[in-house]
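Engineer: Each chain is listed here by its residues.
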Amino acid sequence: MINKKFSLVLFILLIVPITSCQDDFLERTPTDQVSAAIALSSEENMQLVLNGIHRTLYAQLQTLITGTSSIRAGEHWWVPQGDLLTGGIIHSANANNLGWRDEMQWNNHTLDTNSSVEILWHHRYNTIVHANLLINGILSGVLPETAGLNTILGQAYTYRAYAYLSLVQHYAKGYLIGNPATDPGVPLLFSTEDPFTSEPRSSVQVIYDQIGIDLDAAITAFQNGEPRSVSSAFDKSQLNIDVANGLKARWALSKGDWQTAADAAIAARQDYPIMGESDYKSGFNTTLLPEVIWGSNVIATETTFFRSYFYLASNTFNGSQVRNNPKIADRRIVDAIPATDYRSELFLPLAPNTNSSAANGEGGFGNDPNYSSELVFDRVRDSLYTDLGITSRFNLHPYMHKKLRNANPGSIDPDDIIYMRSSEMYLIEAEAKAMMNDIGGAQAALLPLGGERDSAYNVTVYNSQTALIEHIKFQRRVELWGEGFGYTDHIRWDEGIDHAANGGSGASLVLYQDAYQQARPSENPNWLFKIPLDEINANPNISASDQN
Amino acid sequence: MNWKHTIGAAIFFCISSTSIIAQTIISGTVSDKVSGEPVPSASVKEKGTNKASVTNFDGEYSIEVSKNAVLVFSALGFETIENEISENVLNISLDPSSNELDEIVVVGYGSQNIKDLTGSLVSVKSKSFQKGAFSTPEALIVGKTPGVRITSNSGMPGAGSRIRIRGGSSLNASNDPLIVIDGLPSDGLGLLNPSDIESFTILKDAASTSLYGSRAANGVIIITTKKGTRGGIKVNATSSIGFVSRAIDQYDRTTPGQYYELSWEALKNSVAGQADPNPAAFASANIYNSLAYNPFNVPNDQIVGTDGRINPNAQVIYKSLDWIDELERAAIRRNYGLSVSGGGDDHSVFFSASYLDEESYVVKSKFKRITTRLNADLDVSDHIKIGGSANITLSEAIAPSGAGGGGIVNPFSFAQNLGSIYPIYVNDLQGNIVLDELGNSLFDNGEGFALYNIGSRPRNQGRHALQELLLNDERDEDNQYGFRMFTDVNLFEGFNVRVTYARDISDNSEREFENAIIGDAQPDGRLSQERVRRDIENFNQVITYNKSFGNHNVDITAGHESYEEILSNLSGLATKQTATGINEFENFPNIVDLSGQTNEKALEGYFLRANYNYDNKYYLSGSVRRDASSIFQTRVRKGTFYSVGGSWIINKESFMKNVSFVNRLKLRSSYGEVGNDNLLDFFLSQARFDLTSNAASPAILLRDLGNSNLKWETIENFDAALEFSLFENLIDGSVEYYKRNTTDLLYNLPIAPSNGISEVPVNAGELFNSGWEIELTGHLFKNSEFNWNITLQGSTLKNEITDLPTPFVNGSKRWAVGHSRYDWFLFHTAGVDPENGDQLYSVFEEDASGESVPVLDTNGAQQTTNNPDDTIRAYTGTSSIPDFIGSISNTFSYKNFTLDVLVTYGIGGEILDDAYAGFTSSQSFGRALHPDLLNAWRQPGDITDIPRLESGNTDLQRTLSTRFLTDASFWTIKNVNLSYSFRDTIVPKSLGVDNLVLSLVGENLYVNSKRTGLDPQFALSGRSENDDFAAGRIISLGLNVSF
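Residue numbers (our numbering), protein chains in the order written: chain A, 2 to 549; chain B, 71 to 1113.
Bound conformation, chain A alone (with noise of 0.2 angstroms):
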């Protein structure tokens, strides 16, 4: 028995020590992450936080944003979605890598379960409650105030103001068209908070205030704030007050605010000379190039692969999108620009179709009306491939363009994606000179870049308000094409879509189907981006009558 006493105090011996080893052993955290209070604990892990910002604007959403999902790569997919919707960038063929096809055919923003309208509006209040969070963190006033600080809430600010823009845009019906004080716009949401209830629907005027506020308070803020460096492409993806005031030009443009939009188109062009010609022909793929106020510098090893703005809308991007169905300009804008412009070199209205099943039914040779010679169709073709970079593998249609183009053409590698550059603004001070009446104010903005761009330009002969506005459409047609502003274009200036009209742009019936004609935003409730039903169904303060 001594032995069982004795093995009994030993047992006693081995338990204790066990029991008294709880405290840390409950205590665990994660290596891969950041807790929120040190998050926003610092001016320097406040920088992190808009370096955030900056990330989502071309990331694969879902790897950074809850509930999203890979295909829609930010700013990759909405910048071409402005003129992919209102046919400026035109589909050649069938090809429906991604949905960019069902894009095209409007099958997508007017379905209320569609990722694009899921993404677009989940990710501009994901830009939202991380300004909101910077906002508030300084206004707090914890952080002592340095001009660093008031760059990053210069930053917040704007970002807040970009992504409310973005939202009534797409999800209300235009300012100009409509009844802005009592169409509803979207959630306003200064923070995001237990219960998470979030907000109804504000009207679209209310939105656009507070964008107005958010604008201001952003440019005081930049102005106490440290000037942004300009040594690298990474700079220009940090906004500054030239964004701030290219983006109150934008706003005030499309609510009528004509001189607001004049005054803040200059000051935010004033660092940015317009590019020469072969800046211009570069192929729009670095935000270094001169005139660039704010643009996403994507590095090789944050590529997005094919869900890349360049895989939808360049034709030199090695993928099957590309190279099956080349992406062409409306043929009735390209036929009218001046031989003396050399933008119209950007595309190719006698390129040979070599797709046997091109939607217009002229693919291959002997169907291509431009060639009866089938020597000269393949010289022509095999120049073209050399000029382009790219290789036989891709398809080659009449009126593609060679505006977008890789920095390393035939590959897969990213570009950087460019969001504002200053002959915007020049068209924006121009359109709302216009506007105004203000015929000389307007001839004067529009020469620079005019004169720039074409060797015969001559202003005067657009001297008249309605000559001028038809000009400035048709220079923001060229200028602006596939960086994605028709959109909002057709939106201000009321218009539909109609392929067949003039002559036809040279989109196929077969393909486009419904996405051929559409009425004008003002009497066609599609152009309106559907509320995600995402939304509805989350959101007590919105119920399924308010869906657009």
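Honestly, the hints are just simulated from the structure, not real lab data. All residues carry an ideal CB built from backbone N, CA and C; glycine is no exception. Heads up, some of the hints might be wrong.
Which stretches of chain A does chain B cover? Using the computed rule of at least three CB atoms under 8 angstroms from a CB of chain B, they are [stated by the list, open to error]:
| # | segment |
| --- | --- |
| 1 | 122–130 |
| 2 | 476–490 |
Away from chain A, derived, C-beta distances all over 10 angstroms, residues of chain B [to be verified]:
| # | residue |
| --- | --- |
| 3 | Val662 |
| 4 | Gly826 |
| 5 | Asn833 |
| 6 | Glu916 |
Dock chain B against chain A, hints included.
Structural biologist: Same frame as chain A, but now just chain B:
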């Protein structure tokens, strides 16, 4: 960690204790009282001690015991008897108990006689397993366990299953049961060698699970591996070879001619067709341009006439149009196993090794696994046992990682969803397959071959299911290393202390090379690798005490347990392959991703259980456990879970003496609680920012909102059952009712995306699962030559949400109070408009409370609309859960032949057939079509339930509509096993072996469902994309030799 010291202490402690009690050796044989045959593997134990032995193949045993000991003899299928020793030779004959009532079963932290149980559990021992050389353990018990639903997500070799015990108790917290292997929680069933398993015990109610506390929310599966047998060395060797094919037919799809006709119709009805003055002529002229391929021997503009019919002269000349056929092959599964067990008076050892090489019926895909295990139990002294086990499994799976996913790279959806006119290889103008320079058939990548009258395929250009599968290299190497060690000390009679320590480590390495020629990585080439290590450490100390005072019997279990799980991962993705043929990162200079992290979870618990019975007639049990989890914040991390249970052996009452047809009658019931902390996120309660970068500058983003108030989800279990044996044990069985109520539901509440984040973890709401489980076994024939047993099993499941802060729509379901989480919430189709062929929808609107209510016309009938945007979804009144699900198993034996047949079935419930919905969409060209579309609306006045075909129209079809709900009833012939044993023949003797068994096994032989191609067993959610490996049908021949 202090644990390491304790192991040392435990070992020291064991060695220091020795015995001084006088010993004597008893030996003899154990035989079957009825047949007189020796009983091998019978257990012989000295009562009140750990001393035990096991009979050998000839029923012989030998055991060293103290003088005046009482020996307990027990064996599977026999009544246990106790005998005092008087002489040194003791021969015993055991009474066969047809219903195994005296079985000892494994329960939480111990074992119990099945007749003493107050809780609900199913024990399946190796002799009742499904027969066959399975690659996963759970396949052994499919159809053997009422109330347990085992569904495989994928028929890929080696792929695991989803196990649900009595339905899911949570909304989106984990619904997986806890897996306990040899006494300690483990990382799932994983890669355990099925033939190492001695028994499964499935704990279903609170009385049996609550000792596992927080992790037992969804039931517990306890697996016991085989142990050595004392007395001589026994060797068992098995070998089998099986032929693998696809078990489930493909969905029906159109012929090329029908495909052209239907596509013509869709083009004619399109906006473009209708814009033409002559839509039929327009469609005839343009249909080739839309489809881009002409597999017939007629010109492109003469394929379909203006009557919409295929040109009568058109013959299909294309070859290789059946993609699925090209993806499949005749495959073979080989399986070899060896086990050796043995031991002496004071030790037993079990060793096994196995090798499985299983090809899938899909080209290139296969699974290989090698396992080894060593189990040893050693008696250090009369009172002390030390032992443990070590096991290693190495496996490699080669299979397309895109299977089951939404990408184009998924070969199953690619092949199945491509129209029937698109060939796998390029065909020339005569329909001959074009060869490349090397003489190989040229893959048709869909990007156009103008020379051969081939345009761009309207679907998946530049992609190829088979070529990509062949060129890519996708393999997973999953290894597991585990060990268990224990010391068991019998301090004095009835009082035991057992200390157990275990580590289970799994190393998973996933490698994916994507080729530079075609597919997602074209033209760069891409390599990704991920290495994940899961390290689970368990340590527990358990004290048990048994004592009888007259008719009062008590046993008490108390213990402490700590659990730690560390999940670390390292992954990389790099592009721009330099040299071909080298699939290492060195060869891919552009690093897109290189990341790693460590996730940790810890849990600590104390528990106590007491069982009491009076006269082995009235039983009472109770338990309590207190757990603390690292997932919750300090203030709220502890949870206490208890249970009570009782049972009454009615047939022992005097008033039952005259009821002669009742052999056994037992009533039992229990109530208790368990908890759940598993929302698949170890840091759930903490608000967190993710790390990222912008142009290589560091960046962070808010990803998880966290919730510091999160606490345990609690599941309250009620269970009551009647167990019986009737008519001289001709029939036995049980009827059982349960209700499990879950409160403080732990789930990710979807919040409005305008919050910027779309979900937040909460505890809110309640739901319950309830159901009946019935099992009946008839021992219909029982004599020395012919035996026939039949077992019928069935269960029901009802699920209802009883409290939820706000209803929300989750895919095709809507979760709201009063409804089940499985209730369909869909558009209601209302036939087809005879005027124009539109799909009609019943109109619903939201009432003030947010519920969908019908909109009535003036006659009181529900309105219909042609535009789905004018209505909303509503409950259908049906759900995805079957009304009744179960199995019928038959065992026949005649002389040396045995035949087992297992049939499984489900009655009721509905499936939303996504795959079929895909085949009925005419929205875009190039997609495969179902022959049902031949009955589509064509002209005004047509009465049909298939709407008009129209390219480009998205309103004609909603997948989330009642149109695609399909009766989920099914039955299958799951398993048939015919075997012949050479026992009692001269063959074994002439070969010098003990026995030799030949068997022929068929798995997944037949599935009957409502629609060809549909497999209703696949998913609990009732959705079926049919885009993954389908189950394999395997016919195998096996040989088992023992000596």
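Engineer: Compare the structure with each hint and give your call.
Structural biologist: Each hint, compared with the structure:
Counting residues of the segment 122–130 of chain A whose beta carbon lies closer than 8 angstroms to any beta carbon of chain B gives 7, which meets the minimum of three for the stated coverage. For the segment 476–490 of chain A, the stated coverage by chain B is violated: 0 residues have a C-beta nearer than 8 angstroms to a C-beta of that chain, whereas at least 3 were required. Some Cβ of chain A comes within 10 angstroms of the Cβ of valine 662(B); the nearest lies about 5 angstroms off, and the non-interface call is violated. With a cut of 10 angstroms on Cβ distances, glycine 826(B) falls inside the contact zone with chain A, its closest approach being about 3 angstroms.
No Cβ of chain A approaches the Cβ of asparagine 833(B) within 10 angstroms, the least distance being about 13 angstroms, so the stated non-interface status holds. Its beta-carbon lying about 5 angstroms from the closest one in chain A, glutamate 916(B) breaks the requirement of being farther than 10 angstroms from that chain.
The structure fails to meet hints 2, 3, 4 and 6 from the earlier list, while all remaining hints are met.
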